[in-house]
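There are 2 protein chains.
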Amino acid sequence: MSVTAAQGFTASGIAAGIKENGNPDLALVVNNGPRLAAAGVFTSNRVKAAPVLWSEQVLKGGVVSAVVLNSGGANACTGPKGFQDTHATAEKVAETLDLNAGEVAVASTGLIGVLLPMDKLLPGVERAVAGLSEHGGEKAAIAIKTTDTVHKTSVVTKDGWTVGGMAKGAGMLAPGLATMLVVLTTDADLDRDALDRALRAATRTTFDRVDSDGCMSTNDTVLLLASGASEVTPKQEEFAEAVRAVCDDLGQQLIQDAEGASKDIKVEVVGAATEDDAVEVGRSIARNNLLKCAIHGEDPNWGRVLSAIGTTRAAFEPDQLNVAINGVWVCKKGGVGEDRDLVDMRYREVHIVADLAAGTETATIWTNDLTADYVHENSAYSS
Amino acid sequence: MSVTAAQGFTASGIAAGIKENGNPDLALVVNNGPRLAAAGVFTSNRVKAAPVLWSEQVLKGGVVSAVVLNSGGANACTGPKGFQDTHATAEKVAETLDLNAGEVAVASTGLIGVLLPMDKLLPGVERAVAGLSEHGGEKAAIAIKTTDTVHKTSVVTKDGWTVGGMAKGAGMLAPGLATMLVVLTTDADLDRDALDRALRAATRTTFDRVDSDGCMSTNDTVLLLASGASEVTPKQEEFAEAVRAVCDDLGQQLIQDAEGASKDIKVEVVGAATEDDAVEVGRSIARNNLLKCAIHGEDPNWGRVLSAIGTTRAAFEPDQLNVAINGVWVCKKGGVGEDRDLVDMRYREVHIVADLAAGTETATIWTNDLTADYVHENSAYSS
Numbered sequence: 000m001s002v003t004a005a006q007g008f009t010a011s012g013i014a015a016g017i018k019e020n021g022n023p024d025l026a027l028v029v030n031n032g033p034r035l036a037a038a039g040v041f042t043s044n045r046v047k048a049a050p051v052l053w054s055e056q057v058l059k060g061g062v063v064s065a066v067v068l069n070s071g072g073a074n075a076c077t078g079p080k081g082f083q084d085t086h087a088t089a090e091k092v093a094e095t096l097d098l099n100a101g102e103v104a105v106a107s108t109g110l111i112g113v114l115l116p117m118d119k120l121l122p123g124v125e126r127a128v129a130g131l132s133e134h135g136g137e138k139a140a141i142a143i144k145t146t147d148t149v150h151k152t153s154v155v156t157k158d159g160w161t162v163g164g165m166a167k168g169a170g171m172l173a174p175g176l177a178t179m180l181v182v183l184t185t186d187a188d189l190d191r192d193a194l195d196r197a198l199r200a201a202t203r204t205t206f207d208r209v210d211s212d213g214c215m216s217t218n219d220t221v222l223l224l225a226s227g228a229s230e231v232t233p234k235q236e237e238f239a240e241a242v243r244a245v246c247d248d249l250g251q252q253l254i255q256d257a258e259g260a261s262k263d264i265k266v267e268v269v270g271a272a273t274e275d276d277a278v279e280v281g282r283s284i285a286r287n288n289l290l291k292c293a294i295h296g297e298d299p300n301w302g303r304v305l306s307a308i309g310t311t312r313a314a315f316e317p318d319q320l321n322v323a324i325n326g327v328w329v330c331k332k333g334g335v336g337e338d339r340d341l342v343d344m345r346y347r348e349v350h351i352v353a354d355l356a357a358g359t360e361t362a363t364i365w366t367n368d369l370t371a372d373y374v375h376e377n378s379a380y381s382s
Numbered sequence: 000m001s002v003t004a005a006q007g008f009t010a011s012g013i014a015a016g017i018k019e020n021g022n023p024d025l026a027l028v029v030n031n032g033p034r035l036a037a038a039g040v041f042t043s044n045r046v047k048a049a050p051v052l053w054s055e056q057v058l059k060g061g062v063v064s065a066v067v068l069n070s071g072g073a074n075a076c077t078g079p080k081g082f083q084d085t086h087a088t089a090e091k092v093a094e095t096l097d098l099n100a101g102e103v104a105v106a107s108t109g110l111i112g113v114l115l116p117m118d119k120l121l122p123g124v125e126r127a128v129a130g131l132s133e134h135g136g137e138k139a140a141i142a143i144k145t146t147d148t149v150h151k152t153s154v155v156t157k158d159g160w161t162v163g164g165m166a167k168g169a170g171m172l173a174p175g176l177a178t179m180l181v182v183l184t185t186d187a188d189l190d191r192d193a194l195d196r197a198l199r200a201a202t203r204t205t206f207d208r209v210d211s212d213g214c215m216s217t218n219d220t221v222l223l224l225a226s227g228a229s230e231v232t233p234k235q236e237e238f239a240e241a242v243r244a245v246c247d248d249l250g251q252q253l254i255q256d257a258e259g260a261s262k263d264i265k266v267e268v269v270g271a272a273t274e275d276d277a278v279e280v281g282r283s284i285a286r287n288n289l290l291k292c293a294i295h296g297e298d299p300n301w302g303r304v305l306s307a308i309g310t311t312r313a314a315f316e317p318d319q320l321n322v323a324i325n326g327v328w329v330c331k332k333g334g335v336g337e338d339r340d341l342v343d344m345r346y347r348e349v350h351i352v353a354d355l356a357a358g359t360e361t362a363t364i365w366t367n368d369l370t371a372d373y374v375h376e377n378s379a380y381s382s
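Chains as they are written, first to last, in numbering that gives the first Met the number 0: chain H, 0 to 382; chain P, 0 to 382.
Any given hint could turn out to be false.
Because identical chains cannot be distinguished in the list, a pair is counted as satisfied if it fits within a single copy or across any two copies.
Cross-link-like lysine-lysine pairs, in silico, DSSO-like; alpha carbons within 30 Å at most [what the hints assert, rightly or not]:
#, residue 1, residue 2
1, 80, 332
2, 265, 331
3, 262, 234
4, 59, 332
5, 157, 265
6, 332, 157
7, 59, 157
8, 332, 119
9, 80, 331
10, 262, 331
11, 80, 157
12, 234, 157
13, 119, 157
14, 119, 265
15, 80, 234
16, 331, 119
17, 59, 234
18, 80, 119
Just so you know, these hints were derived from the structure itself, not from any lab.
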């Protein structure tokens, strides 16, 4: 289903030969209208890949007719030649589909600092166009995988309209804005402002709160395209909630497929004075390598949670902090609480609640444990 | 030599039974004067262990006659009882040595959230006093080890006066202020202000720039005690340089003994607009788990360096960044530079130079690689 669940979209995914192993590596998503509205959010990393720089410009026009995505190379830190390659890719899509290149967004993922094999990519675009189909969403989702073990798609169908999407991401997963490639489509009949508001609201509390390894990518891109093909204009709140639900689902799938992870950790901060405090504390806990190791070892090491909270500027009193791990309040009022032996950590999902006892605001950050497998996956040459 | 290299100090280290394995776990350092001046810096973690809260008060008086240190338990997040235990430990030292408890600093290291076995610690204090010796510095350094594989000491001797010290630390190593326990002694005849200036200047560019795993301890303590026994008052600059040299040496020893590490990584940021920029960029690189994995795999993955730089607020232009790894400029002007295959990464020390091309300021941060051994050491129950 993926990006073709909504009416008005076709997609394809093929093996262009960018990846040396012959796996699918080129995806195309086309909006057949009648509307061509779009919104996008991109990495806040200041070192941005060429396709991010290009697509940011495309989105300023507010019209996106097609998105071409490749795995097998990030086209980041590739200088003017890298930007020319992105431009040439958009031109090739435009020429083949008889569009304006300024309406073609480009996204890339893979190794940083390597030029893309344009002699393979450009002929691949022609084949991707030839393969476009109303059922191509699944193939497109597969073609954007890098170290992902599964492809990620999500669909929410409401009264006469649909929001669907695909995502890739397994490493370099931390909030920048997005931290991965995501394309969302909808056949709702909405203008770019409505799309933009819904998308920014959704990413702020979903992808932005996924923090697998604290490492922010240079290529993060989340696009939302609307075709208007359903001829239904939903209420903004209803649409925003559908977009949020799809983003939340895709964010969960990213965490569940994070490189080398054995645990998905939900860090829920409650009792914060402000939402910003809750996010800062949640992120500090989620990025603490020692705690992430302890969770991997199924050790309910709440001292490491308090140590992480202590490095933040959030409002709290050390002797009022409470921490629960999988429902057991192992730390109460900054000291020893219930018996840590009561904590059952056998399952993949681990739930940490940090109560700052300083207010009523909350935030949830999702992260993973730190494992030997993560080290192995990321210490291989040119991984 | 350690803390007894300078005249006027005695020390001891014994096994009090705090550690279940029977290893030495209690150290005592006594300043026999004639001067009893002292300075100290402590963790900036807002969750502070009981001994840190106590010793901060002691240091406000500016007089420290003795320092008692235990391994086998951090006495952090232990509530009012934990603070009472620290107080009782200082009282016991004071009573046995006929001192004022307000002149006895206390430091603890080990697991967070567990009360110390006072029935073993207090009798241990008596045996530690009985064991005091002008040659006890080595034993004291051994007694403060936790997961340290070696004890760490350093001595600089100048014209008639000496600065010596000991340190422990192998994990939870990141700048807070200190990130470990360190006691420095000198027989130079200097007042507390001179000591304080020298110590703060030294820690700012040594321990503060050691960042093994980004995790800031609740117990970090660095103390500098002066006995005046040499009757020499060195110039401030000369003294400050000696203190800096000892701190730098001990900081290096901490990095070299970091838990599970196989590489010591020197991250040198040059061409920064400000020193703060250089430190922020250096720390961002040093804390990037993906880069730390790559270095472990001897992969000169400069894309991960640029990705880390891009997350900072420092002044730079992405297309002007240069990165050298072990002398090879693998990234030039934000893109591909010299052949990465020229980089030789066989040795334990790895030198990364990040040139921001935005000014003339520099800073060096030391870190370690991320290894499966680090995960194993820190995922064991109650490690």
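Hints versus structure:
1. In the homo-oligomer, the alpha carbons of residue 80 and residue 332 lie at most 30 Å apart only across protomers (13 Å), although the nearest pairing inside one protomer, at 58 Å, exceeds that limit.
2. Within a single copy, residue 265 and residue 331 get their C-alpha atoms as close as 20 Å, which meets the 30 Å cut-off; across copies the closest is 40 Å, which misses it.
3. Proximity of residue 262 to residue 234 under the C-alpha cut-off of 30 Å is found in neither arrangement, the shortest distances being 38 Å within a copy and 56 Å between copies.
4. Taking the closest pair of Cα atoms, residue 59 and residue 332 come within 30 Å of each other only across two copies (28 Å); inside a single copy the shortest separation is 50 Å, beyond that limit.
5. Taking the closest pair of Cα atoms, residue 157 and residue 265 come within 30 Å of each other only inside a single copy of the chain (28 Å); across copies the shortest separation is 55 Å, beyond that limit.
6. For a Cα distance limit of 30 Å, the shortest separation of residue 332 from residue 157 qualifies neither inside one copy, at 45 Å, nor across copies, at 50 Å.
7. Only within a single protomer do residue 59 and residue 157 lie at most 30 Å apart by alpha-carbon distance; the minimum there is 29 Å, versus 66 Å between protomers.
8. In this assembly of identical chains, residue 332 and residue 119 lie within 30 Å of each other by CA distance solely across copies; the values are 27 Å between and 61 Å within a copy.
9. In this homomeric assembly, residue 80 and residue 331 come within 30 Å of each other (Cα to Cα) only across copies, at 14 Å, whereas the closest approach inside a single copy is 57 Å.
10. In the homo-oligomer, the alpha carbons of residue 262 and residue 331 lie at most 30 Å apart inside one protomer (25 Å), although the nearest pairing across protomers, at 39 Å, exceeds that limit.
11. For a Cα distance limit of 30 Å, the shortest separation of residue 80 from residue 157 qualifies neither inside one copy, at 44 Å, nor across copies, at 58 Å.
12. Proximity of residue 234 and residue 157 under a CA criterion of 30 Å is satisfied intra-copy only: 12 Å inside one chain copy versus 78 Å between copies.
13. For the homomeric pair residue 119 and residue 157, neither the shortest alpha-carbon distance inside one copy (40 Å) nor that between copies (68 Å) is at most 30 Å.
14. With identical chains, the CA atoms of residue 119 and residue 265 are never at most 30 Å apart, being 42 Å at best within one copy and 40 Å at best between copies.
15. Within a single copy, residue 80 and residue 234 get their C-alpha atoms no closer than 44 Å, and across copies no closer than 58 Å, so neither meets the 30 Å cut-off.
16. Proximity of residue 331 to residue 119 under the C-alpha cut-off of 30 Å is restricted to the inter-copy arrangement: shortest distance 27 Å between copies versus 60 Å within a copy.
17. Within a single copy, residue 59 and residue 234 get their C-alpha atoms as close as 24 Å, which meets the 30 Å cut-off; across copies the closest is 63 Å, which misses it.
18. Taking the closest pair of Cα atoms, residue 80 and residue 119 come within 30 Å of each other only inside a single copy of the chain (16 Å); across copies the shortest separation is 69 Å, beyond that limit.
Hint compliance for this structure: hints 3, 6, 11, 13, 14 and 15 are broken, all remaining hints hold.
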